[in-house]
Amino acid sequence: MIARVMMLILAFLPLASSAEAGVWENLKSMILNTGHKPPPTIDVLVVNDQPSAMLEVKGKYRIFDPNTKQHISKRYLGKRKQIQTLSSGLKWGEEFPGIFQFQIIPEDGSVHTIVDGVEYKGSIFIYDIGGSISIVNRVPIEEYLSSILPQQYEFSLPDETLAALAITARTNAYYLCQSPKNRFWAVDANHVGYHGLESTKPSSDVEHAIRATRHMVLSKTGTYEGVVTPFAAQWGSSMSGFSQEGYSQIPLYEAEEMGREGKHAAQIISRAFPESHIELIY
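In the numbering used here, each residue's number is its place in the sequence shown (first place is 1) plus 550.
There could be a bad hint or two in this list.
[Stated by the list, open to error] Straight-line C-alpha distance at most 27 Å; calculated BS3-like pairs for lysine-lysine:
| hint | residue 1 | residue 2 |
| --- | --- | --- |
| 1 | Lys587 | Lys770 |
| 2 | Lys631 | Lys619 |
| 3 | Lys629 | Lys641 |
| 4 | Lys608 | Lys619 |
| 5 | Lys731 | Lys619 |
| 6 | Lys608 | Lys629 |
| 7 | Lys608 | Lys624 |
| 8 | Lys587 | Lys624 |
| 9 | Lys731 | Lys587 |
| 10 | Lys641 | Lys624 |
| 11 | Lys587 | Lys619 |
| 12 | Lys641 | Lys631 |
| 13 | Lys610 | Lys629 |
[To be verified] Quick list of the computed label-pair ranges, beta carbon to beta carbon:
| hint | residue 1 | residue 2 | range |
| --- | --- | --- | --- |
| 14 | Leu627 | Pro601 | 22 to 30 Å |
| 15 | Lys619 | Ser660 | 47 to 55 Å |
| 16 | Glu644 | Arg810 | 52 to 60 Å |
| 17 | Asn740 | Leu627 | 16 to 24 Å |
| 18 | Arg612 | Leu747 | 30 to 38 Å |
| 19 | Gln620 | Gly796 | 35 to 43 Å |
| 20 | Arg630 | Thr771 | 25 to 33 Å |
| 21 | Thr771 | Glu645 | 23 to 31 Å |
| 22 | Asp666 | Glu704 | 43 to 51 Å |
| 23 | Gly667 | Arg810 | 36 to 44 Å |
| 24 | Asp599 | Arg810 | 44 to 52 Å |
| 25 | Arg810 | Gly681 | 18 to 26 Å |
| 26 | Tyr803 | Asp666 | 31 to 39 Å |
| 27 | Thr618 | Gly667 | 26 to 34 Å |
FYI, nobody ran anything at the bench for these hints, they're computed from the structure.
Yeah, the Cβ is synthetic: ideal placement off N, Cα and C, and Gly gets one too.
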């Protein structure tokens, strides 16, 4: 309870201040010791219904059947081969008889996977669906945000406005993970502008906002209920969208003005999503 109260107090401090950011990160590390708990991930469809794909793993990896969780094999060297479907199962250089889906898990975070020339972090799922190849990238949500947000906000915005946008985007990502449209993936890369590692800009203002708000989401429950409930949070571009559930009650330009006036991210969010509050989800 004390930890939650302290987090809520800090949520109402400016998130972009370097001094406060240092205090924020130190306090989070001290209070939220997640141990070996893996970071939350999101499943992104990166190849959809193609006859084949060029698949490369740039280091050690393991292969599992995602349906049975059975370990299929372990490889100590990288591999680059075309992956395709056969009537008897998948073929990736070698054949996998009777196997129509598998998951590639890199040995560690430094090992990346390249699919049709695009580099990805995290694990890869390959599915034979009706004789065609579909590939899904399971990536940490924070990495996912680092890929999609810099492209959406290439124009200059105040740091606190960017922090509010990062929290909103993270909220929406968690909601999509919890309410996927099907059991194989949560989002389509083509619909959200996800291009793996190639679109990540570590030094950008957007990336700084993502790091400063790490694991913060909007919730309509929390401290007293003991549960965090992300929702389909989006920013409306005009007054016509504000009446729809999940859309902000102010447009983006007003959030920008608030940031330039010195308002911090929590104040912007309280205007945009008045029935929600900031919670740490991980």
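Hint-by-hint comparison with the structure:
1. About 25 Å separates the Cα atoms of Lys587 and Lys770, which keeps this hinted pair within 27 Å; it holds.
2. Taken as a hint, the Lys631 and Lys619 pair is honoured in the structure, with Cα atoms around 24 Å apart against an allowance of 27 Å.
3. In summary, the hint linking Lys629 to Lys641 is supported, as the alpha carbons are separated by about 13 Å, within the 27 Å threshold.
4. Using a Cα cut-off of 27 Å, the hinted pair Lys608 and Lys619 holds, with the two alpha carbons roughly 23 Å apart.
5. Between Lys731 and Lys619 the alpha-carbon distance is near 22 Å, which keeps this suggested pair within the 27 Å criterion.
6. Straight-line distance between C-alpha atoms of Lys608 and Lys629 comes to about 7 Å, which keeps the hinted pair within the 27 Å bound.
7. For the proposed pair Lys608 and Lys624, the alpha carbon gap of about 14 Å is at most 27 Å, so the pair holds.
8. As the CA atoms of Lys587 and Lys624 are separated by approximately 23 Å, the hinted pair is consistent with the 27 Å bound.
9. A C-alpha spacing of about 26 Å is found between Lys731 and Lys587, which places the hinted pair at or below 27 Å, so the restraint holds.
10. Proximity of Lys641 to Lys624 is assessed by CA-CA distance (about 16 Å); at most 27 Å being required, the pair is judged to hold.
11. Between Lys587 and Lys619, the direct Cα distance comes to roughly 19 Å. Compliance with the 27 Å bound is thereby established for this hinted pair.
12. Proximity of Lys641 to Lys631 is assessed by CA-CA distance (about 9 Å); at most 27 Å being required, the pair is judged to hold.
13. Between the alpha carbons of Lys610 and Lys629 the distance comes to roughly 9 Å, so the proposed pair stays at or under 27 Å and holds.
14. Checked against the hint of 22 to 30 Å, the C-beta distance between Leu627 and Pro601 comes to roughly 27 Å, which is consistent with it.
15. The beta-carbon spacing between Lys619 and Ser660, approximately 25 Å, falls outside the hinted interval of 47 to 55 Å.
16. A hinted range of 52 to 60 Å holds for the C-beta pair Glu644 and Arg810, which are about 58 Å apart.
17. With their beta carbons about 32 Å apart, Asn740 and Leu627 fall outside the hinted range of 16 to 24 Å.
18. A C-beta distance of roughly 21 Å is found between Arg612 and Leu747, which places it outside the suggested range of 30 to 38 Å.
19. For Gln620 paired with Gly796, a C-beta distance near 39 Å keeps the hint of 35 to 43 Å intact.
20. Between Arg630 and Thr771 the C-beta distance comes to about 47 Å, which lies outside the given range of 25 to 33 Å.
21. The hinted range of 23 to 31 Å is not satisfied by Thr771 and Glu645, whose Cβ atoms lie roughly 50 Å apart.
22. Our hint of 43 to 51 Å for Asp666 and Glu704 is violated, since their Cβ atoms are close to 25 Å apart.
23. At roughly 40 Å, the beta-carbon separation of Gly667 and Arg810 lies within the given 36 to 44 Å, and the hint holds.
24. Range check, Asp599 to Arg810: Cβ separation about 46 Å, and the 44 to 52 Å hint holds.
25. One distance hint, 18 to 26 Å for the beta-carbon pair Arg810 and Gly681, is violated here, with the actual separation near 55 Å.
26. Taking 31 to 39 Å as the suggested C-beta distance range, the pair Tyr803 and Asp666 conforms, at roughly 38 Å.
27. Here the CB-CB span from Thr618 to Gly667 is close to 31 Å, well matched to the stated 26 to 34 Å.
Of the numbered hints listed earlier, those contradicted by the structure are 15, 17, 18, 20, 21, 22 and 25.
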